[in-house]
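K.L.:
Sequence:
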Amino acid sequence: MSDIDARIIELYHKLGPKRAWEALVLFEFERMRRAELAADAGNDASDNAAGAATVRIPLGSGERS
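The sequence shown begins at 2 in this note's numbering and counts up by one.
Incorrect hints may have been included.
Claimed, not checked - Pair by pair, the computed Cβ-Cβ distance ranges are:
| id | residue 1 | residue 2 | range |
| --- | --- | --- | --- |
| 1 | I10 | F30 | 13 to 23 angstroms |
| 2 | S3 | A36 | 12 to 22 angstroms |
| 3 | R32 | I10 | 13 to 23 angstroms |
| 4 | L27 | A7 | 12 to 22 angstroms |
If you're looking for bench data, these hints aren't it; they were derived computationally from the structure. From the three backbone atoms N, C-alpha and C, an ideal C-beta is built for every residue, glycine too.
With the hints as constraints, model all of the structure from the sequences given.
P.N.:
Okay, structure coming up:
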């Protein structure tokens, strides 16, 4: 039995079937929200790294980019 299965059984016995179900649904939403935030942070970090790797090439006679 996994830790998650044990947690489900514990919630069921403590809260009853309806409240345990509600707790599990809220837990799953929170897990998905955290995964999305982590993915967004990863995307921001890769965007920042790509921006830092950009090389500026002079346009010519004293012009600046």
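K.L.:
Would you mind marking each hint as holding or not holding in the structure?
P.N.:
Against the structure, the hints:
1. I10 with F30: 13 to 23 angstroms: holds, 21 angstroms
2. S3 with A36: 12 to 22 angstroms: holds, 19 angstroms
3. R32 with I10: 13 to 23 angstroms: Distance hint for R32, I10 holds at roughly 19 angstroms.
4. L27 with A7: 12 to 22 angstroms: 18 angstroms Cβ-Cβ, so the 12 to 22 angstroms window holds.
No hint from the list above goes unmet by this structure.
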